[in-house]
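Student: Following the hints, complete the assembly by docking chain B onto the known chain A.
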Amino acid sequence: MATRSTGDVVTATGVRRGFGDTVVLDGVDLTIGSGEVVALLGGSGSGKTTLLRILAGLDRDATGDWQVHGSLAVVFQEHRLLPWKRVADNVALGVTGPDVRDRTAAALAEVGLAGRERAWPAELSGGQSQRVAVARALLREPDLLLLDEPFGALDALTRLRMQALFGRLRAEHGFAALLVTHDVEEALLLADRALVLADGRVVDDIAVPLAHPRAPDDPGFGALRRHLLDRLGVPAAA
Amino acid sequence: MTELATRPPAATARRTARPAVRANRWRWRRLTTPVVLVALWETSSRMGVLPEEKLPAISDVLLAGWRLAEDGRLVEHLLDSLTRAGVGLAIGVGLALVLGSIAGLLRVGDDLVDPPVQMARMLPHLALVPLLIIWVGIGESLKITLVALGVFFPMYFNLYAGIRDIDERLVEAARTCGLGALARIRHVVLPGTLPSLFLGLRLATGAAWLSLVVGETVATHSGIGFLMMEAREFSQTNVVLVGLFVYALLGLLSDLILRVVERKTLTWRRGLQAT
Numbered sequence: 011m012a013t014r015s016t017g018d019v020v021t022a023t024g025v026r027r028g029f030g031d032t033v034v035l036d037g038v039d040l041t042i043g044s045g046e047v048v049a050l051l052g053g054s055g056s057g058k059t060t061l062l063r064i065l066a067g068l069d070r071d072a073t074g075d076w077q078v079h080g081s082l083a084v085v086f087q088e089h090r091l092l093p094w095k096r097v098a099d100n101v102a103l104g105v106t107g108p109d110v111r112d113r114t115a116a117a118l119a120e121v122g123l124a125g126r127e128r129a130w131p132a133e134l135s136g137g138q139s140q141r142v143a144v145a146r147a148l149l150r151e152p153d154l155l156l157l158d159e160p161f162g163a164l165d166a167l168t169r170l171r172m173q174a175l176f177g178r179l180r181a182e183h184g185f186a187a188l189l190v191t192h193d194v195e196e197a198l199l200l201a202d203r204a205l206v207l208a209d210g211r212v213v214d215d216i217a218v219p220l221a222h223p224r225a226p227d228d229p230g231f232g233a234l235r236r237h238l239l240d241r242l243g244v245p246a247a248a
Numbered sequence: 004m005t006e007l008a009t010r011p012p013a014a015t016a017r018r019t020a021r022p023a024v025r026a027n028r029w030r031w032r033r034l035t036t037p038v039v040l041v042a043l044w045e046t047s048s049r050m051g052v053l054p055e056e057k058l059p060a061i062s063d064v065l066l067a068g069w070r071l072a073e074d075g076r077l078v079e080h081l082l083d084s085l086t087r088a089g090v091g092l093a094i095g096v097g098l099a100l101v102l103g104s105i106a107g108l109l110r111v112g113d114d115l116v117d118p119p120v121q122m123a124r125m126l127p128h129l130a131l132v133p134l135l136i137i138w139v140g141i142g143e144s145l146k147i148t149l150v151a152l153g154v155f156f157p158m159y160f161n162l163y164a165g166i167r168d169i170d171e172r173l174v175e176a177a178r179t180c181g182l183g184a185l186a187r188i189r190h191v192v193l194p195g196t197l198p199s200l201f202l203g204l205r206l207a208t209g210a211a212w213l214s215l216v217v218g219e220t221v222a223t224h225s226g227i228g229f230l231m232m233e234a235r236e237f238s239q240t241n242v243v244l245v246g247l248f249v250y251a252l253l254g255l256l257s258d259l260i261l262r263v264v265e266r267k268t269l270t271w272r273r274g275l276q277a278t
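First to last, the protein sequences are chains A and B.
The first sequence begins at 11 in the working numbering and counts up one residue at a time.
The second sequence begins at 4 in the working numbering and counts up one residue at a time.
Some hints could be false.
To be verified - In silico DMTMM-like pairs for lysine to aspartate or glutamate, Cα to Cα no more than 20 Å straight-line:
1) 95(A) x 143(B)
2) 95(A) x 113(B)
3) 95(A) x 127(A)
4) 267(B) x 99(A)
Since the hints were made in silico from the structure, they are not lab data.
So here's chain A without its partners, still in its complex pose:
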């Protein structure tokens, strides 16, 4: 236990959050190890995003104990780029130093947008904007990346490409990540561990012991998928 706790980037116990009379999180416990990718699944309104926002420091009304050890960066469902800053200035927002320009160029190259430093966000497609948002997170070299349905607003093809990109970046940088998603397949493709959130608690916590790179037709994928869908209350097709 002691060896693990030093390596954990997130330790949270008994996290509670209500909105009015509705209790959204009712004592959530969560640990994320260093370099571990954890998918957080749940139906809409199950509090996935609420938990992510709490960890990101964007929710001041939550109670309980939680701590993020190390630096963190967030990728939201929408790209949230500042429309009045060029791509490079968005990526480097809030970062100073003599090598920022080079690091920005490197981060943009990593997401496949080399040379687009001078573009305005309005000139980019949805997928490109989301890539910039990923580059903005990467530049911060985070120990923990929080992703709130980051590919949910993209079309199916772009989503597949972004998932592959995420896999590559993760292998290269070794950041830990909390991936909030409602897509069971996405969770199984990208995560080391999948959590299911329901009724304000983590009701399931399963390891995903598949080798990378993964594909939905890998052996074992189907069984995990069926198990998670079952926990999410989606009955298996007859």
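Tutor: Chain B only, in chain A's frame:
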């Protein structure tokens, strides 16, 4: 039926291409009516249809303007008017920026500042002239106060609405990028408010000229308004019209300058319009 369903995109594409061409080719038509009206005005004045004391020929007006410009009186009065407008504008805009920021950025400020401003807005500021004469007299301070009051409200409300309309999600994103409160104001709030600020400034400038016109009709010894009031006493209708033209030109010019500055400042919006 399916063919119909596939057609509209092509049709809209053609429709967007055509008006641009048409707009350019027929643009001169928009000049027709003004030119005809001016020509009608000039000829009917020359032929004596319009009595000279009611409406002198436009050439008369231009000539009177030229003479006034030549002997330096026009410039002198113009500078006095511009000074009043400038000082009033500076005071009104400054006050609006301070109070608008307090009300827009701080919850306490919103509770304390916004209600009285909302109430004061209901008073038409030009109706305050009698009261203002009692408070500040009939001198320069009356004109400047009127201008400042006229400027304050459009500026304040646009700034306040601009700050309120900023996408909270962008502020959050900036926060997760490690930006503190001041940096968030600099990188998110200020640039996000700029479009509203420019709109406010353009409305405020319009209000400044309007207030100036009213202010300069009250016991004045200089300024374009004075020029007009004095000319009226001597039945120099052409000089009255010169004054009107100058006011119109001032409004037009100030708006043009602001629009150019706005376009230069908000370059990022051009990308937005292109897509």
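Student: State for each hint whether it applies.
Tutor: Hint by hint, here is what the structure shows:
1. 95(A) x 143(B): violated, 44 Å
2. 95(A) x 113(B): Answer violated: residue 95(A) to residue 113(B) is near 29 Å, above 20 Å.
3. 95(A) x 127(A): The hint holds at about 10 Å.
4. 267(B) x 99(A): holds, 19 Å
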